[in-house]
Amino acid sequence: VNGGLDLGLGAQAAAIAAGDVDPGELLDATLARIEERNPALNAVVEAFPERAREMLTAAPEGPLHGVPVVIKDEWPLPWRAQRFGAAELMAPTSPGESGPYRALRDAGAVVVGVGNMHELGAGSTGSVSVYGPARNPWDTERCPGGSSSGPAASVAGRLVAGAVGADGLGSVRFPAAYCGLTGLKPTFGRSAMEGHHMAAITTLIVSGPLCADAADCRLLGSVLFGEELDAGDPAGLRIGIVRDPVSKDVTPEVDEACNAAIETLRAETGGEVREISLPGLEAATLAAILIINSESMSGVTPERLNRLDPELSAVARGTLKYRMLLPAAATAQATRVRTMMRRRLASLFDEVDVIAWPTVPAPAPPLEMPMVELPSGTLSADQANVRGAALANLTGIPSISMPVGLSGEGLPIALQLQAAWGRDELLLDAAEALERANGRRWVESLPPLAEASPTEA
Amino acid sequence: MEGKAPADDFIPAGLASLGIEADEVDLAVIGAVHRLLWAPILELLALDTEGLELERCPDHSKAPQ
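The listed protein sequences derive, respectively, from chains A and B. Using my numbering, you'd call the opening residue of the first sequence number 1 and step up by one each time. Using my numbering, you'd call the opening residue of the second sequence number 458 and step up by one each time.
Treat the hints as calculated values from the structure; they're not laboratory data.
Partial selection, computed: residues in chain B whose CB lies under 7 Å from chain A: (1) LEU475; (2) GLY476; (3) GLU478; (4) ASP483; (5) VAL490; (6) ILE498; (7) LEU501; (8) THR506; (9) LEU509; (10) LEU511; (11) HIS517; (12) SER518; (13) LYS519; (14) ALA520.
Where is the CB? At the ideal position from N, CA and C, for every residue including glycine.
Using the sequences provided together with the hints, build the complete structure.
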C-alpha cells in the first residue's frame, strides 16, 4: 500500500531489499505525503524532490537502501547550510557533508527534507522557530516538543519512518515524548557529529534517531553510530527508581502510566525494581544549563551581540545577552558538579542496570501557552522538562524515551530509561521488551492526523 | 532604593561594562531569565565540593576513572 509508505523504517528497508517495494514509488509517495500533510504540521521546512531522486539513483546497497528520512535543521547538507531554526547562528555555517548526512547516504538512505526545530535549539517545546512552529500530529494546537520538533512531527505524522535529531539537553527525548515516538539520546561521542557547528566545542550534544519503535531506532542508530547495535536479552533487568521531584512532580496520569510501564518491564524481564537515591539532581540540571550556555557562546563577542538579526525572537536576543553575564565561577562549579554526578552514577550503575523516570512531567502543552500544571504549581514546560533530561547530557550516559500511554486528552505519555556509558544497546533491548509486554500498543498508536489520508486510496 | 531588586543594578551595569546594548524588550527578557536562574546559581556556588577530585581531561563517553 502506498509504495510501503506506512511501514516502519526497518520494514521499508526489508521490503525494498526483497523487491516488494519499489524505492522510486516509495519516494514519490513520501513526497506526496509531505505535500499533503506538511501544511498542517510545518514539520519539514524544506523538501528536496530533485536531490532526493539523485540520492536514490546513487544510493549504495546498505541497511537503509532507498528509505526516505528527514534530518534536523542542525546539520549542513552538501546543498544546504543548517539554519538551526533561527534567523542567524552564533557560528559560521556553510553547506557540507555532515557526519549524519554521510552516514545516511552511505547506508543508502534518501534525505527528503529538513526538519523544523526550536530556535537555536534552546527550547523543549518547538514553539519558536524562524519557520514558525512545527505542530504535534496528535493535536496540531499542541507543542511537538523540541528542539527536534520537525523530525519528530515528521515521523509521528508518518511523513517518513525515521528522522535524525540532536540532543543537547533533551532535544531528542522531549519531542519523542510529546509525539509518541521512541527517541534515543546516545552515549556522548558514540553517534555521528561531524559538521555540527559546535562539534569541536560541545561536551553535551549528540545526534540521535527518532522512530516509531525501538527496532527502528536500533537500525537508524546503528547507521549513526557506524556500528551494529546488537540486540540482547535484558533478562533480570534491575530498574532503579528515584523518589524525588523528577519522578514525583508529574501529573497523576503520567505518574500512573510510568509506574505501570516500569512494573510491566520488570515482569517481562523477570527483573526487579529498586528505589535508589540520587542526590544533586537539581544542581546537575543547572550545571548542564550553564555548561551548554558557556559552550554555545564560544567566539561570541559583545560587539557581535550588538548586531543580532532583528528576526531573532526577543527571548533568543535577551538570553544570548544574559549568557555573557553568567559568572565564570558558576560554570567552574558546574564542572565540579559534573564530576560529582558522573561518580555517583558510576556507583549507582553497579546496583542497577537502568534508571527510570517520566521523560516529561506532563503531556504536550498548547503551542500558544507552553505551560504545564504540576503538583508543585504552574511551570513553563521548558523549566519542568529539563529537570528530567539534563543528567544524561551532563554525564554523557545514554537515555531513551518510549511511549507508555495516552492521557485523557489523547496525548502521548512517555517513560525515560537511562543506562551506563556505552550501554545504548541495553536501552533498546529494554524498550523492545516493554513493547512486547504491552503488545506494541503504544508504539503502534497513530495520531488522528495519520490514521486516514487521501494518499491511502 | 527601597524595593530595588539586585538585578536592577547587576544587569545594566554588567551589560554596560561589556559594551552590550539592550533595549527594553531585551532587559525584560534578561530580567526574567535572571530571576529564574540567579537563586539556583547562588545555591550552586554555595555547594560544598571541597575535597572533590576533578577528572583530568574527562572522557564523557566513558565512566569516570
